[in-house]
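Chains D and Y, in that order, are what the protein sequence lines are.
Sequential numbering from 1 applies to the first sequence in the working numbering.
Sequential numbering from 1 applies to the second sequence in the working numbering.
Worth flagging that the hints you see were computed from the coordinates, not collected in a lab.
For each residue, glycine too, the CB sits at the ideal point set by N, CA and C.
Any given hint could turn out to be false.
Stated by the list, open to error - If you only want the chain Y side, here are some residues facing chain D, beta carbon under 8 Å, derived:
no.: 1; residue: S2
no.: 2; residue: S14
no.: 3; residue: V43
no.: 4; residue: L62
no.: 5; residue: R64
no.: 6; residue: E68
Stated by the list, open to error - Quick list of the computed label-pair ranges, beta carbon to beta carbon:
no.: 7; chain 1: D; residue 1: R79; chain 2: Y; residue 2: S27; range: 45 to 51 Å
no.: 8; chain 1: D; residue 1: G90; chain 2: Y; residue 2: G78; range: 23 to 29 Å
no.: 9; chain 1: D; residue 1: L4; chain 2: Y; residue 2: D22; range: 35 to 41 Å
Claimed, not checked - One-sided excerpt, in silico: chain Y residues whose CB lies under 10 Å from chain D:
no.: 10; residue: H16
no.: 11; residue: T38
no.: 12; residue: H40
no.: 13; residue: A41
no.: 14; residue: A48
no.: 15; residue: E50
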Amino acid sequence: MGRLSVGMDLVSFREVEEALASFGDRYLRRVFTDQELSESRGDARDLAGRFAAKEAAIKALTPEVEDVVPWRSVGVLSRRPGGPSITLTGKAMELSRRRGISQLRLGLSRTGEGAGAVVIGHGPRANRPEHS
Amino acid sequence: MSDSIRDEIRRVLSDHGRLPGDVSSLSDDADLFQAGMTSHASVNVMLALEDAFDLEFPDRMLKRSVFESIAAISDAVGQLTAETPA
Numbered sequence: 001m002g003r004l005s006v007g008m009d010l011v012s013f014r015e016v017e018e019a020l021a022s023f024g025d026r027y028l029r030r031v032f033t034d035q036e037l038s039e040s041r042g043d044a045r046d047l048a049g050r051f052a053a054k055e056a057a058i059k060a061l062t063p064e065v066e067d068v069v070p071w072r073s074v075g076v077l078s079r080r081p082g083g084p085s086i087t088l089t090g091k092a093m094e095l096s097r098r099r100g101i102s103q104l105r106l107g108l109s110r111t112g113e114g115a116g117a118v119v120i121g122h123g124p125r126a127n128r129p130e131h132s
Numbered sequence: 001m002s003d004s005i006r007d008e009i010r011r012v013l014s015d016h017g018r019l020p021g022d023v024s025s026l027s028d029d030a031d032l033f034q035a036g037m038t039s040h041a042s043v044n045v046m047l048a049l050e051d052a053f054d055l056e057f058p059d060r061m062l063k064r065s066v067f068e069s070i071a072a073i074s075d076a077v078g079q080l081t082a083e084t085p086a
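Use the sequences and the hints to build the structure in full.
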């Protein structure tokens, strides 16, 4: 087994509901990809899980404080066999290559109040992450 | 950077940063993430800063160092304001 990295994040549904109420479409467009918005249909519970997964993935990529990682460069796809998965583009994909992280595994859970995600990064590159 | 800009940043942090403590007690250089600002709260802070200062944070500024302290945010706001055509 190669080197492993781990990231996790928690997001309450209320936080997302407040962001939607305060910033609406601007919040959605800055954070989520078109495919995520299509899959989630603006549901706060769904979006909270995706955000937690994005942040967990970013943490698993172990960025430095000066690394640029836009939220939209990490996508969380849920309408796939085998459960939700992470896709990387742009800066996040560049970072994964620099780190030699070849695969990201996502665990995602929701409770009555929020969502939590854990992402494990695998390296070196035995298998490439799914890039789109 | 003027005190008024840092005061406005503190107001935004108080309204959107979801910090467990009093924002007024934080020094300009205090680490906001260490102080309890979550990654999701940093999104709200960014959007509220855009409203407050009528600017937009470009992708190149979407990094932890830009939002890690009041001083860092102030520097970023100053940089973006200077880049904005009058």
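Hold the hint about T38/Y up to the distance rule: shortest CB distance to chain D must be less than 10 Å. Holds - the Cβ of T38/Y comes within 10 Å of chain D, reaching about 8 Å at its closest.
Is the interface hint for A41/Y satisfied, with its Cβ closer than 10 Å to some Cβ of chain D? Constraint on A41/Y satisfied, holds at 7 Å.
Hint status (Cβ of A48/Y to nearest Cβ of chain D, threshold 10 Å): 7 Å, holds
Verify the interface restraint on S14/Y: the C-beta must sit less than 8 Å from at least one C-beta of chain D. Violated: closest Cβ of chain D sits about 14 Å from S14/Y, beyond 8 Å.
Has the hinted range 45 to 51 Å been met by the Cβ atoms of R79/D and S27/Y? 46 Å, holds
Any CB of chain D closer than 10 Å to the CB of H40/Y? 5 Å, holds
Grab the minimum C-beta distance from R64/Y to chain D and call the hint holds if it beats 8 Å, violated otherwise. 5 Å, holds
Can you verify the interface hint for S2/Y: is its Cβ closer than 8 Å to any Cβ in chain D? 25 Å, violated
Please verify that hint: H16/Y, Cβ, nearest Cβ of chain D, below 10 Å or not. This hint holds: H16/Y lies near chain D, its Cβ roughly 8 Å from the closest one there, short of 10 Å.
With chain D as the partner, please determine if V43/Y meets the hint condition of a C-beta pair closer than 8 Å. 6 Å, holds
Under 10 Å, Cβ to Cβ, is where E50/Y needs to be relative to chain D, so tell me if that hint holds or is violated. Holds - the Cβ of E50/Y comes within 10 Å of chain D, reaching about 8 Å at its closest.
Evaluate the given range 35 to 41 Å for the C-beta pair formed by L4/D and D22/Y. 39 Å, holds
In terms of the numbered hints stated before, the structure departs from hints 1 and 2, listed from lowest to highest.
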